[in-house]
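Q: Here is how the chains run, residue by residue.
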Amino acid sequence: MDLRFTDDELAFRDEVRAFFRSALPDSIRRKMIDGHHPSKEDLVTWSRILNAKGWAVPHWPVEWGGTGWSPVKQYIFREELQKTPAPEPLAFGVNMVGPVIYTFGNDEQKRRFLPRIANLDDWWCQGFSEPGAGSDLASLKMTAKRDGDYYIVNGQKTWTTLAQHADWIFCLVRTDSSVKKQEGISFLLVDMKTPGVTVRPIQTIDGDHEVNEVFFDDVHVPVENLVGKENKGWDYAKFLLSNERVGIARIGISKARLQRVRELASLERIGDVPLIETPRFREKLTAVEIDLKALEMTQLRVVAAESRREKGKPDPASSILKIKGSEIQQATTELLMEVVGPFALPYQPEEDGRNEPFDGPDWASTAAPTYFNWRKVSIYGGSNEIQKNIIAKAILGF
Amino acid sequence: MDFDLSEEQRLLKDSVDRLMADRYDFESRRRYAKEPEGWSRNLWSAYAELGLLALPFDEAYGGFGGGPVETMTIMEAFGRSLALEPYLATVILGGGLLHQGGSEEQKIAYLPQVASGELRLAFAHTERQSRYDLFDVATTAQRDGTGFVLDGQKSVVLHGDSADKILVTARVAGSRRDRAGIGLFLVDANAAGFSRRGYPTQDGQRAAEVTLESVRVDSANVIGDPENALPVVERIADTAMAALAAEAVGAMDEMLQLTVDYLKTRSQFGTTIGSFQVLQHRSSEMFVALEQARSMAMFAAMMAQEENEEERRKAIAAAKVQIGRSGRFVGQQAIQLHGGVGMTMEYKVGHLFKRVTMINTLFGDADHHLSKLAEAGGLMAA
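Protein sequence lines correspond, in order, to chains V and U.
Everything in the first sequence is counted per this note's numbering, starting at 1 for the first residue and increasing by one.
Everything in the second sequence is counted per this note's numbering, starting at 399 for the first residue and increasing by one.
Check each hint, because a few of them may be wrong.
Claimed, not checked - If you only want the chain U side, here are some residues facing chain V, beta carbon under 7 Å, derived:
no.: 1; residue: Glu457
no.: 2; residue: Pro624
no.: 3; residue: Ser681
no.: 4; residue: Leu768
Said to hold, decoys possible - Below 27 Å or equal to it, Euclidean Cα-Cα: the simulated DSSO-like pairs (lysine-lysine) are:
no.: 5; chain 1: V; residue 1: Lys393; chain 2: U; residue 2: Lys746
no.: 6; chain 1: U; residue 1: Lys770; chain 2: V; residue 2: Lys284
no.: 7; chain 1: V; residue 1: Lys73; chain 2: V; residue 2: Lys145
no.: 8; chain 1: V; residue 1: Lys229; chain 2: V; residue 2: Lys145
no.: 9; chain 1: U; residue 1: Lys662; chain 2: V; residue 2: Lys393
Simulated from the structure, these hints should not be mistaken for lab results.
We put the beta carbon where it would ideally sit given N, CA and C, even for glycine.
In isolation and in its complexed conformation, chain V is listed as follows (with noise of 0.2 Å):
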């Protein structure tokens, strides 16, 4: 047991964060570090140079533009990405349906679709919620009828993020409601172009626009955009799912907000007193970073134990880093907010400049936004409570 990286991993570290330090532009780590969302074209620009260095899909297979790294390797680089902080790449694409293309796609599908992925040349979006349909994802009711050469897809998928941008979305739908329903679902490509296919945003809290509705009436969609076979898209999607909860944890984007908060503490004052020198608060700053630092010892126990582990099974001990990783994130946002002070309180919209400005830091008004937006990943990629029942299952045998 050696728990240090070694040489070699320590050589790679060194050499991902000198060339995203080089390669990312200023002006979106400036976005990043003020907690900005970055703009779509700021998530193609970063795509394309982390794709003309190699590294878009580093966890794919080789032939489709993987890098062969460990594990190991992999955590290193996708940790020194969210520490940098750059925006990761699109997950909808490159760790969600590019996996389950190459994995149950068929050659053609993997021709079209994977190198347009990597390049971010497709933006994609992810069609499983449905309003009747969130944790209890298999109830899913968009139908998909076969009709000669296509599928008549109708129906609504909802909290569909950055559908606004997309060219492209996966969906699960029911082929067959006439078996148990995990049974009658298909894992089908739309292209968001299709006649019949309308968007409708949704506002959350804190008064962004991320998330959407989508809606679809009558859309006619080509019999070889189904993935792998009909009927068997609840596998495909419990695949994805814990893909999905493999990076969930974003130890690397806590690590750099926690770095965010202190430094800000030490500017702001109590009196004299800087923030961060009241005991209260830095011992809660503190007991965040013990829980992080734990939580970053058992990703490594995932990660280490990854390469032993059967391919797309995934390690229930996962739902700890879901667990965990989300609460401490949530955790670092409040942290900013106590930071922030009374400068929380000005709202100031990212995409309407018509608020008057307030005599606060500039980077006080994305404290407030983002504590409110960060209660979403308690909740997306299975609830933590659905990932209580998973450890309460899978591991505790209940």
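With chain V's structure known, arrange chain U on it following the hints.
A: Relative to chain V, chain U alone:
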């Protein structure tokens, strides 16, 4: 990066686990506790035969050159079985102080005896006013020719009632809370002026109050620099905390297992209570707390021999905070989920709860270490 045990470490783990499974079920433990010293001489011999008492020492002193990972492996098994023997007091603390701070002659004289099981040691550091500050030492050591004369009171000396020799911190120079001026002395339990009162601790182990009245210690029994022993003491305290973290993990693991087993068999409202989601979720939360503690126990083991003192201290403090918090949560919930039976002396889970509760109070509780760590600039600032 490698979380696997080596072949030798796995063999060690297997043999310790087997020994404890064969000879340390809860009923046996109850018997051992009733033996004159409050622990089992037979098991102590068995540990010696397995080489556990020699484990952390260099081969030159009859040891096996084991490191913190080997210690972690043993302590986790001890934690699961609630072992009563003075392993921490004798091997980790007493042996550790001699190994780290003693002269060549002292190591050759004493460590082989520790390894063979003949010599039992204890470490006397706590005083009425010191709380968790190892540097807060009122006990005095006056120079007397080439030796010293010790006067003072030491409290809650783990296994101090049965130790043959006791390592004692005493102030040679400076005022009560100075970091400099502290010496470390090896005092024989039969020395003139040495007296002790042994008693059981809340977790079923033993401790003693120690009184030193003009106890003479000759120069051969001064451990290290008589005016600067604190670095050695703090280093071994760190080693001990890493060991205790592993012991706590073993105890927590056992509590979770007992609890889950109980929930699967206890029937109420016509069904096993483990079918209720509220209890499943609580168990999952215990699992998360346990695994976070396990991760930090591993981190502590990795950092226990870190030469950079500041980094080492931060890591150990962080682990102690995690262990304290996880231990409290897992322990309290284990009792809660067992209901009334968890409250009884007859049942193991309460004893595990008491042990992790007491581990929190050894060498500083969670709040103590949190506040120290925060004062030092936090865990990630460096």
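Q: Next, verify each hint and record whether it holds.
A: Tested hints:
With 7 Å as the threshold, the beta carbon of Glu457 (chain U) stays out of range of chain V, its nearest partner Cβ sitting at about 21 Å, so the hint is violated. For Pro624 (chain U), the interface hint is violated, the least distance from its beta-carbon to any beta-carbon of chain V being 36 Å, above 7 Å. Hint on Ser681 (chain U) holds. Least Cβ distance to chain V is approximately 5 Å, under the 7 Å limit. The restraint placing Leu768 (chain U) at the interface with chain V holds, with a minimum CB-CB distance near 5 Å, inside the 7 Å limit.
For the suggested pair Lys393 (chain V) and Lys746 (chain U), the alpha carbons sit about 25 Å apart, so the restraint of at most 27 Å is met. Between the alpha carbons of Lys770 (chain U) and Lys284 (chain V) the distance comes to roughly 13 Å, so the proposed pair stays at or under 27 Å and holds. The suggested pairing of Lys73 (chain V) with Lys145 (chain V) is violated, with an alpha-carbon distance near 44 Å, which exceeds 27 Å. As the CA atoms of Lys229 (chain V) and Lys145 (chain V) are separated by approximately 15 Å, the hinted pair is consistent with the 27 Å bound.
With a CA separation close to 12 Å, the supplied pair Lys662 (chain U) and Lys393 (chain V) stays within the 27 Å bound.
Checked against the numbered hints given earlier, this structure breaks hints 1, 2 and 7; the rest are met.
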